[in-house]
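**Student:** Protein sequences appear in the order of chains B and L. Take our numbering: the last position of the first sequence gets the number 516, and nothing is skipped along the way. Take our numbering: the last position of the second sequence gets the number 516, and nothing is skipped along the way.
Please keep in mind that the hints were generated in silico from the structure rather than gathered at the bench. Heads up, a few of these hints could be off.
Unchecked claim - Pairs of lysine-lysine residues, derived as PhoX-like cross-links and limited to a Cα-Cα distance of at most 25 Å, are as follows:
| hint | chain 1 | residue 1 | chain 2 | residue 2 |
| --- | --- | --- | --- | --- |
| 1 | L | K413 | B | K339 |
| 2 | L | K339 | B | K316 |
| 3 | B | K413 | L | K339 |
Protein chains: 2
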Amino acid sequence: MSDRRGRARGKAAAAKPERKVNYHNLRNPFVPQPAFSEDEVENIHNTSLRVLEELGMKVLLPEAREIFAKAGAIVDEETEMVRIGRDIVEQALATAPKSFVAHGAKPETSHTMELGSLTFMAGAGCPHASDRERGRRPGTAVDFRELMILEDAFDAIAMLGPAVEPQDIPVHIRHYETMRTQIEVSDKLPFVFCRGSEQTEDCFQMLSIAREVSREEFEDKVWTKTIINTNSPRQLDIPMAQGIIDFARAKQLCVMTPFCLSGAMAPITVAGGLMLQHAEALLAITLAQMTRPGAPVMYGSFASNVDMKSGAPAFGTPEHVKSTLGAGQLAKRLGLPWRSGGGSAGNCNDAQAAHETEMAAWSSVLAGCTMVVHSTGWLEGGLTFNYEKMVTDMEMVQQFAELCDKPEADEAALAFDAIAEVDPGGHFFAAEHTMERYRTEFYEPLVADWSNFGSWSEAGSLTADERATAIWKQKLEEHQNPKRNEGVMESLDAFIAKRKEAGGAEAVS
Amino acid sequence: MSDRRGRARGKAAAAKPERKVNYHNLRNPFVPQPAFSEDEVENIHNTSLRVLEELGMKVLLPEAREIFAKAGAIVDEETEMVRIGRDIVEQALATAPKSFVAHGAKPETSHTMELGSLTFMAGAGCPHASDRERGRRPGTAVDFRELMILEDAFDAIAMLGPAVEPQDIPVHIRHYETMRTQIEVSDKLPFVFCRGSEQTEDCFQMLSIAREVSREEFEDKVWTKTIINTNSPRQLDIPMAQGIIDFARAKQLCVMTPFCLSGAMAPITVAGGLMLQHAEALLAITLAQMTRPGAPVMYGSFASNVDMKSGAPAFGTPEHVKSTLGAGQLAKRLGLPWRSGGGSAGNCNDAQAAHETEMAAWSSVLAGCTMVVHSTGWLEGGLTFNYEKMVTDMEMVQQFAELCDKPEADEAALAFDAIAEVDPGGHFFAAEHTMERYRTEFYEPLVADWSNFGSWSEAGSLTADERATAIWKQKLEEHQNPKRNEGVMESLDAFIAKRKEAGGAEAVS
């Protein structure tokens, strides 16, 4: 066992107040679970290439069509359709890096991204926020800041994500607020929403100031990431295409994530939905590599299904699980790090939401996913970020992090002597083997209450959802911003003030 | 794909009212997940044999000690300690059947039990029952009957289990009520609680009457099962030892399940807890085989841990998951079918309870478990069977059953033509590919509500727990007892009346 957690073992442990954990640079401990045979995976991959060659994809940004045309793709300017030969896709896949480091402000917040590594991100992109005290409301800057603090507070969340959209800030200056907040409250890698080159460039410059790097140094490492969603089926819109180009040029991370819900924006079958998703992700990866070979990209899967009675998106369904397992096989076929997506379609932090989130997370982990997105807090299929669900889901995420450590199996762990010491029908509470380990051996729950029914009733019969409120409030109270070098935040604020004075940056649509 | 579900595909499906499922004789679709290396597994196995050889186990029943002594074990009558050489254990393992059929009343309720097959059982052995309408109370005959009906109602529950203890019936006649109820309401295989030879024999005779078989025919097949819990550490009490002997003699199924909670009745380490569990299970299996070679047995794991602050049992913890994965490796080492255990230590049907139940169930399934016990309804670490949790957990169990079918991957499933048919940015709702499949392609949820926040709020903002009440009530209303041949129930009742008149059968302790 690597003992990555740095648990103090032996008698010295008795002096320690509690178990210390370190969930940094986790490696996925699970044997990958296939949904398809190798032949079937190859067939899906080849059929995706056929879609790109024969049917093509509609690309709304002229600059992107130009890049494709220059690379040898067949472009119809009238219909905006782009058809790409498999030779071009293969050339692109050859230059996409299979491993890179996503840099936070410090080594402790930097993560290697490659097949085999395992990171978790909180729910992202929600228009609403909700908690038990303030109810459900459109997301604000206050919510955004609080949620970035909560994402910072949990070691098992590797990077920041756009938990909630701060709708009280006008879009042309919103990116200043979101990037500044991320830089201010956390050392973890921040995200950028792609709403046009001007906003993206603002964010790159802000981050260069914060990390104190030149433009050349900025482009030398991965400092930030964005999520690219295709407009499934077979369409890439203007801001997303521009985002790919801008991020590739600056060698920052693009996560290529089609949004293929089977039965709605994708074929109703698991294999059909995956095949379309694969085609769209390949086109996006190709655009990045044609823009700048070697640009860091991740393959993305968000394949689930809709309820055929209502058209409502569903998550954590058997079809979602199968799709995610299949996506893992396709990502492995490409050799690229990849993200999956989870969460719940439920409307409150109840048993349904927990079951759906578990199903989605287990399928991600078993599929060998590099970055499990929406692993906490995500309700209503992403329409609401719920504070209490962030806490109850963190219990699950921390347990996955714990599972990355294999159990010890040396002679001491096997405990023959301890068994010899304890009489038949007795107990191990007082055994030396127990005393040496009792403070550090077991995972300590965050929100789970294991007290008996009487004690639990006397304490008010609180559900996990109800108990979670005090936990996120405490995390907010305990938060301290990381220290930046002298003058850094001032330079950042001067940049923002200058840009705001110049009118900010309008979003492109 | 086997299409075991018998889904009608193609246009004919449009006429069908809904998707039909068949969760019978499931095969585990997952690649087994190891917790230990092969060498470590071998080392645990060998250390367990050393425990049996050098330390031994206290066996409280004289008849059992006699059987061990006759087989060559070293027995100390004063201390009641039995030490068994590995040659005796190996001889026992050689006669334990690796595959057998557990017979319900019909082929549709019979299940092959072997490594690779996958069955689910509901929560078992709870002193209390609870639901939203009647609250939490000591279990009664009414609860018992209702819960047997609910276990019958769900196809994915393979066999009946002792959900709740009907404490309003005196123990000396309780087994008549529980066996009669199981026979009356369901064709699924019933269980027997071992509380002495007289009660066990009563149950065997009742079941022989119900299945209309002679004693010889009864002993020719597996018609019922019991769970044997050792009194960990290293003690086998009188009713449990007697149960092994009685069941082995009648060639009925004994599931050998030590109750090794790490930190309390077992060493605090995962490997140590497993090693003790393995030793105790091996002794129990050996007793069965020495009693009657070829007696059907299952290996049993219930290894989890306690909270070291309070001593309270915990379930669905990282340590529980690792223990279950390790137990799967040990069962595979023996080649025997095996059961694991799950459920939650929580006090209500909330997110905590769902998370814990999912963790336990996933580890069971990934460990290659043959029979997942306590998969639904189990709260407070088994002190309460909750009706609503039975329903919300069934969603999870049904999803596991769905995952046993691989997704289709033929040309039709890949849907190239459907993708060609739909315009970029369009949707697949009206595609022929969708129309042909929309009634049958997706799993239909039992209790999950995927409606949007507005509709959900208008309908009363009900949690999954609240919605579940109507579902179990409906299942109770819809229930119809299976038909037995003329005179069968009358013969059964005559037997019971005669036995009651003779004073019933006192429990042995």
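**Student:** Look at each hint and say if it fits the structure.
**Tutor:** Going through the hints against the structure:
1. Distance hint between L/K413 and B/K339 is fulfilled; the C-alpha atoms sit about 19 Å from each other, no more than 25 Å.
2. Our distance criterion of 25 Å between C-alpha atoms is broken by L/K339 and B/K316, whose separation comes to about 44 Å.
3. Distance restraint check for B/K413 and L/K339: the Cα-Cα separation of roughly 19 Å lies within the 25 Å cut-off, and the hinted pair is therefore satisfied.
Violated hint for the displayed structure: number 2, the only one.
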